[in-house]
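Each protein sequence line maps, in turn, to chains A and B.
The opening position of the first sequence corresponds to residue 1 in our numbering, with each subsequent residue numbered one higher.
The opening position of the second sequence corresponds to residue 155 in our numbering, with each subsequent residue numbered one higher.
These are calculated hints, taken from the structure and not from any lab test.
The structure displayed is predicted, hence computed values, not measured ones.
There are no misleading hints in this set.
Label-pair restraints from in silico Cβ distances:
no. : chain 1 : residue 1 : chain 2 : residue 2 : range
1   : B       : K330      : A       : G31       : 46 to 52 Å
2   : B       : E690      : A       : A79       : 58 to 64 Å
3   : B       : K848      : A       : N6        : 53 to 59 Å
4   : B       : D432      : A       : A113      : 51 to 57 Å
5   : B       : K848      : A       : R153      : 47 to 53 Å
6   : B       : K387      : A       : E122      : 50 to 56 Å
7   : A       : A128      : B       : D595      : 49 to 55 Å
8   : A       : S121      : B       : P620      : 52 to 58 Å
For glycine and all other residues, C-beta sits at the position ideal for the given N, C-alpha and C.
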Amino acid sequence: MAISFNLNGSAVSVQSEPDTPLLWVIRDEIGLTGTKFGCGKAQCGSCTVHVNGSAVRACQTPVSSVSGKKVATVESLSADNSHPLQKAWIKHQVPQCGYCQSGQLMSAAALLAKNKNPNDSEIDAAMAGNLCRCGTYNRLRAAIKDAAAEMRRA
Amino acid sequence: MTTTRREFLKTSTSAAGVAVLGMYVPGFGGKEANAAGSLHTPNVWVHIADNNEITLISHMSEMGQGVHTSLPALIAEELNVDITKVKVATAAADPAYVNGLLGAQITGGSTAIRDAWEKLRIGGAQVRTMLVEAAANKWGVAASSLKAENGVVSGGGKSATYGELASAAASVPVPKEVKLKDPSQFNIVGKAIPRLDTPAKVNGTAEFGIDVKVPGMVYASVEMSPVIGGQAKSFDDSAVRGMPGIVGVYKINGGVGIVADSYWRAYKARKALKVDWDLGPGANLSTKGMWDGTKAAEKSVAPIKVRPDVGNANDALQGAAKVLKAEYYTQHMAHQPLEPMNMVAIVSGDKCELIGPTQFQQGAQGFAAAAIGLKPENVSVRTTYLGGGFGRRIVTDFVVQAAELSKASGRPVKVLWSREDDMKNDWYRPQSLNRMEGGLDASGKPVAIKHQISSQSITQVLFGLPKNTLDPFMVEAAVAPYDVPNTSHDLIIHDTGIRVGYLRAVSHTMNCFANESFMDELAHAAGKDPVKYRMELLSKEPRFANVLKIAADKAGWGKKLPAGRAMGVALMEGYGTYMAQIAEVSVSGGDIKVHKVTVACDCGRMVNPGIVRQQLESGIVYGLSHALYSDITVTNGRVDQNNFNDFRILRTNETPVMDITLVDSNEKPGGTGEPSTSLIAPAVANAVFTATGKRLRSMPFAKALKSA
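Working from the sequences, and respecting the hints, build out all of it.
Next comes the structure, spelled out in structure tokens:
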């Protein structure tokens with residue numbers, strides 16, 4: 001039975017079994033591959049997407065649970081890197097291998113949607129579930145502050 | 155050291171009969187066709203299309219270390235093109251792209267810049283010269299009257315783009331000698347230009363292996379032996395066959411692969427699969443047993459000299475005013491790049507195409523070919539971005555699985571491992587027991603140091619290095635730079651029975667941990683300041699002395715710190731790079747908090763200081779994770795850890811502030827992808843000693859502190 005939800009502003013209808021994690025529906029059935037698989041157990045944050053505006057781990061979210069909801073992936077930020085977070089990520093040269101960065105960006109975007117001026121401990125709390133094996137943590141913290149400043153000015 | 159290593163790998167790989175070297179596959183991974191018109195290849199580094207689209211070839215895989223920016227920078231510098239307007243592609247498996255420092259087409263060993271420094275600049279200059287020659291022939295003028303700048307050859311009122319000249323240039327003989335720019339003329343090299351791969355890595359479009367999709371592709375998940383080295387005797391897939399989307403179930407080397415029309419269906423079906431295992435000889439392995447075996451080997455195995463003894467350490471120890479002994483233990487470690495192992499294989503008739511993340515193109519080609527009975531030249535490799543490598547993707551076990559399952563199912567197959575698969579089936583960094591003995595004279599000066607390393611040889615396991623042979627990847631940074639009149643350095647090679655692999659910084663980590671912790675112990679025994687003590691022993695080592703002084707000054711070594719805080723120092727040369735690190739820590743309630751790390755680094759001339767800085771930061775976080783928390787333990791042949799819940803790595807809030815000074819230098823370039831990884835453990839251990847009086851001699855420290 002088809003499950004319908006809104007993905008990055010468009011209505012989608014998918015055929016995967018209801019228990020299939022949203023991650024695999026987005027990646028393999030729909031074909032949007034920016035959202036990454038890192039651990040499958042909500043331990044690393046690589047698969048972070050927004051469901052109705054909140055950051056969730058898509059690897060532990062059955063597709064049935066997003067029926068009728070709004071899902072947003074890294075592709076929703078912008079294709080031309082014009083989102084303040086993307087600009088800040090480039091300015092601070094955050095990514096190395098880049099594999100975790102979609103999840104990092106989506107956790108950061110969820111934080112900034114609620115808090116336009118996060119301090120270090122608020123950033124740490126929001127980003128603690130996102131691992132980076134290349135160690136880009138200090139740069140992404142600086143980038144979040146820069147992006148927040150731009151969003152406050154906007 | 156580099157010459158030794160190169161010669162060494164050349165001979166050892168051929169001696170082992172590893173059939174992976176010296177194969178030829180034309181092109182660069184099957185992506186030549188494009189709408190830009192014909193593609194011209196003046197040499198192996200540069201492809202120019204008629205429409206002036208220029209592709210520079212990186213012979214190294216991009217795994218986060220920035221080679222898709224730093225290597226093209228070397229070509230672009232001499233080719234005189236705008237680096238922001240070129241494309242970059244990873245080379246196919248081809249002898250032309252062999253890493254001259256390793257003797258095989260391997261990305262690793264912090265070799266990229268050191269291998270490429272002259273080679274790629276010459277490559278760029280050759281093509282520039284050929285383009286000018288082509289224009290000179292076309293216009294009937296002297297080449298010396300023309301200049302090549304910004305993708306255009308011009309002179310005498312005429313001009314043509316590189317694209318317009320590429321076809322003719324490709325048939326100009328490759329010049330034997332070319333003149334390279336004087337460094338004072340560099341426009342790209344030496345500048346912190348932004349990475350070319352960043353834009354694609356912030357909007358989800360960067361293509362990693364896991365993202366590859368080809369027509370008709372199916373997905374595989376492999377149930378591997380619970381004990382590494384075991385094999386499936388038989389399996390019962392009756393409960394699997396009725397599940398939706400299953401394509402087939404196949405016995406392969408080391409396990410049973412389930413192939414389905416989606417990854418999730420293949421993975422989920424593993425729970426319904428019953429396998430009867432032959433667990434093999436590893437079924438009784440345990441961490442304690444492996445340490446016991448290493449200690450027994452210390453008594454039974456004849457040591458190999460790391461270098462000829464200097465003076466006579468035993469005699470000097472006899473006459474010493476004070477003698478210290480210490481043992482340092484470095485634990486097994488897993489690489490754990492965030493992108494799990496994966497590969498796409500398309501086997502069709504007598505050909506196979508591999509697409510995915512690898513650090514060893516020729517290995518992927520050769521081992522896949524051998525596994526499915528093809529000629530190596532019929533196996534092509536296209537390398538995607540790697541979601542981290544750290545040495546894990548030098549091994550090709552997951553590549554072979556993809557080839558086997560594509561052949562068995564007759565379909566293009568993407569093999570994808572779970573995190574647990576990756577945790578339990580790694581090629582682990584070996585354990586190491588480093589035994590130190592030192593003697594001080596009455597003034598506290600060291601008169602003798604003995605260092606004995608007992609560990610496992612990765613090069614024996616992966617490349618068939620003959621036994622009882624010095625493995626250079628076990629003795630990196632084994633000899634400390636200090637002026638000590640009597641020293642001995644011995645290596646005991648012991649195979650613990652677990653499989654091992656090269657992990658970022660390899661043996662620098664254990665050897666630097668031992669050397670720099672012990673130097674600290676000697677300083678404290680002598681009642682001397684650890685920085686001053688080291689400095690007094692570095693009068694013949696100006697590059698070491700310089701980075702130590704800079705780091706100490708920048709960190710404010712000796713200044714009054716907030717209550718409970720202390721600093722620790724470490725010093726090392728690795729990959730031609732000289733470095734000092736000073737860690738500022740505090741300890742409360744059994745938790746070690748690293749507040750700040752001050753780094754001074756002299757890596758010679760830099761191609762891209764921005765990337766160098768990234769790499770130093772990265773190595774410190776990677777090394778600090780392993781120093782403090784990460785652990786791999788084995789019980790009954792099974793790795794105990796599963797996922798990031800029980801294999802702990804550093805998080806945002808645990809990451810120290812880093813103050814990095816890059817030393818201006820005209821020395822030849824050193825490698826920077828790995829060395830910073832190794833200094834952080836002794837720097838932290840030395841700081842913890844000053845803060846608490848507790849000496850940490852085994853990693854991970856969080857565990858060691860509980861029993862200290």
